[in-house]
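Going line by line, the protein sequences match chains H and C.
With the first sequence counted from 1, adding 26 to any position gets you the working numbering.
With the second sequence counted from 1, adding 23 to any position gets you the working numbering.
Just so you know, not all the hints are guaranteed correct.
[Stated by the list, open to error] Derived coverage of chain H by chain C (criterion: at least 3 residues anywhere in the stretch with Cβ under 8 Å from a Cβ of chain C; other residues may be distant): (1) 112-123; (2) 145-152; (3) 156-167; (4) 187-200; (5) 229-239; (6) 278-292.
[As the list claims (entries may be wrong)] According to the in silico footprint, chain H covers these stretches of chain C (three or more CB under 8 Å from chain H): (7) 235-241; (8) 244-257; (9) 292-301.
Everything labelled a hint here was simulated from the structure, so no lab data went into it.
For clarity, every value in this text was computed on a predicted model and none was experimentally measured.
Cβ coordinates follow ideal geometry from the N, Cα and C atoms, glycine included.
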Amino acid sequence: MFDNFMILFDAPVFSIDLLVNGMLIGAIFVLAAYGMALVWGVMNIINVAQGEFVMLGGYVTLVVVKLGLNPLFGIPISALVLYAIGWLMYRSVIYRVVDRDVFTSLLATFGISILLAQLTNQVFGANVQTIDTGLGTWYFMNGDVTVAIIKVIAFVLAVFLGLVLWLFLKKSRTGQAIRATSQNPRAARILGIDTHRIYATTYSVSAALCGAAGSLVVMAWAVHPYIGLPYTVRSFMVVIIAGLGNLPGVIMAGLGLGVAENFAGFILGTEFQIAFVFLLMIAVLVWRNFALRRQRKYLK
Amino acid sequence: MKNNKRKFTTYFYSLLAAFSLLPLSVQASVEGNTITLGAAVSLTGKYSTNGKHTKNGYDLGVKVINEHGGVVVNGKKYKIAIKYYDDESTPARGAQLAERLINQDNIKFLLGPYGSGLTKAMAPVTEKYKVPMVEANGASLSLFNKGYKYLFAILSTTEQYLQPAVALAAEMAKDPKKVRVAGAFENDPFSQDISTGVFADAKKRGMKKIIDDKLPPDLNDMSATLTKVKALKPDLLVVSGHAKGAALAIRQISDMKVNVPMLALTHCDSADIIGKFGKAAEYALCAAQWDRDLSYKDKYFGSAENFAQRFEKTYGYAPPYQAAESAAAVLVYKDAFERAGKLDPTSVRNAIAKTHMQTFYGNIKFDKTGKNIAKPMVLFQVQDGKYKVVAPTRWANAKLRWPTPPWSKR
């Protein structure tokens with residue numbers, strides 16, 4: 027462990043490599059976490075199927091490539107298809123559990139996640155799938171820092187979509203309705219907002235964001251039917267650290283998570299990568315609890 | 024009173040249900056002139072691809088044996104059949120199904136499932152009922168240090184998987200003591216066994232271990248490990264993490280332009296690294312249990328190549344080694360039935376223990392713990408978009424390309 031630390035000390039260039047690659051994988055977490063933050067904040071549902079939407083996005087892109095299109099078209103197409111799947115899931119399952127307690131919806135989305143993983147396995151088989159974009163890699167500093175171009179696209183897209191989402195929520199009528207519904211669904215309904223339509227839109231937008239993320243995952247890494255869970259867990263952590271409805275926070279937390287994982291994997295060894303990140307999460311929660319307690323006012 | 028009545032009805036129906044199941048369960052292992060083997064393989068779940076290869080291998084083995092007149096035990100001719108269940112890729116289900124095959128279906132001879140994890144779950148059950156299990160897809164060494172008497176594996180065990188790569192690295196370096204080895208192994212029994220084998224072998228040759236990373240099972244990125252490889256520049260990098268480990272390794276090594284003179288992997292063919300990555304996969308070394316170019320022969324399939332052609336004709340794809348070893352497992356049963364001359368589990372078990380034969384898949388001879396000690400692993404290298412055998416030298420059909428040139432020159 028100490029040896030690994032010394033490497034970074036002796037050759038700082040590798041910390042840049044870790045930092046850059048960490049931020050690039052963090053960008054994928056950010057995309058998946060936007061959706062989770064949205065669904066959680068607006069509908070009070072912790073969507074366990076988030077990672078499966080990412081996985082499905084990857085498979086949609088695979089189909090797109092099989093049809094002979096450029097893999098980059100896969101990003102918007104995956105988002106659109108996943109929007110439709112999200113809508114379908116809302117209409118068939120989620121709308122029945124949206125007003126129930128968190129435990130019910132947790133079970134329902136867990137069921138969806140199993141269903142989607144097994145269906146994908148039936149249709150596409152359990153093999154690992156990946157797509158070569160042929161975009162190549164940028165080198166810096168004598169090849170010690172390398173950045174795959176597809177990952178840069180992922181990063182730019184994550185920030186861009188974050189911006190679009192923020193504008194959408196702030197400015198558009200639907201965005202305003204979503205925010206109103208999240209604040210008080212009953213009042214929103216009284217004011218004539220069709221909350222079920224809003225919920226459906228929210229859930230589908232979340233799925234679409236995951237679809238775009240999955241499309242990038244299959245091009246920069248690899249997918250298989252059971253890849254969902256790591257992405258669900260990561261987006262869950264990002265949302266917990268960032269807090270609900272805090273999009274800049276989600277970006278910071280997602281990128282930070284990717285970087286922290288990479289450094290932990292390098293210094294402590296990959297077996298402690300996840301453990302370290304979870305410790306970090308606990309530390310953040312404890313610290314936040316203290317910070318909040320200081321502001322809490324008691325009425326006695 | 025009403026409550027009692029309802030209770031009675033429940034009992035009555037459950038009894039009825041139990042009886043209705045009875046006729047199904049009377050299906051003996053040997054009935055008329057058919058010997059039924061039992062197998063739980065993964066037809067759904069994460070091992071379903073390899074489960075399918077396993078089942079196809081078993082089925083082809085049975086088909087060819089029956090074509091050749093079946094099994095002759097004590098002058099009587101028998102056909103072979105297999106009763107399958109789907110273990111859903113979950114060990115607990117596998118153990119349940121082993122129990123079911125033995126107790127309900129009355130099957131006395133089992134074939135193995137796919138994978139070390141499933142085999143590990145089923146072996147205690149077959150051991151408890153003293154039913155032999157010949158398995159072809161559970162390679163973990165940990166299966167063979169528990170004193171099991173009824174478990175036989177026809178494949179090479181995990182610690183041997185990448186030993187040929189270590190040997191090659193030693194051969195290529197002028198001074199093996201200067202060779203620095205880096206390993207990234209998934210944190211599961213199979214890959215950790217491989218890790219133990221590789222590092223034990225490296226230590227014996229005086230090589231230095233510089234990286235030993237345990238990749239998390241829900242692996243989705245290995246850039247931390249690869250940055251370390253870039254920094255420390257090992258002479259040999261060994262990666263094992265099933266198909267996704269192989270795919271991620273090739274993808275990220277080429278994306279991050281990691282230069283390493285020798286890269287050795289497992290599961291190249293199930294990850295289809297040549298088909299998916301093309302040029303990026305060149306120079307990679309891959310461990311395999313079997314190859315169609317090997318010169319083994321038997322009287323049912325003929326040569327390894329004959330088996331491969333027959334398999335292709337039947338199923339429409341080239342046989343991965345998982346299918347070959349599964350077909351060979353059925354041959355072991357046939358041989359043992361005939362030598363035992365009786366069809367009770369104990370005699371058959373003793374006959375299996377004395378197996379000494381050559382199949383198209385390789386030589387088979389079990390040691391006391393039940394693992395096959397007569398067949399070495401082979402090592403491929405990806406050369407010009409094809410897998411070429413480079414070790415052991417006896418079967419090598421190509422010369423090792425070493426060292427792998429840096430990415431700037433590829």
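Each hint, compared with the structure:
no. : hint    : verdict
1   : 112-123 : violated (count 0)
2   : 145-152 : holds (count 4)
3   : 156-167 : holds (count 4)
4   : 187-200 : violated (count 0)
5   : 229-239 : violated (count 0)
6   : 278-292 : holds (count 6)
7   : 235-241 : holds (count 6)
8   : 244-257 : holds (count 10)
9   : 292-301 : holds (count 6)
In terms of the numbered hints stated before, the structure departs from hints 1, 4 and 5, listed from lowest to highest.
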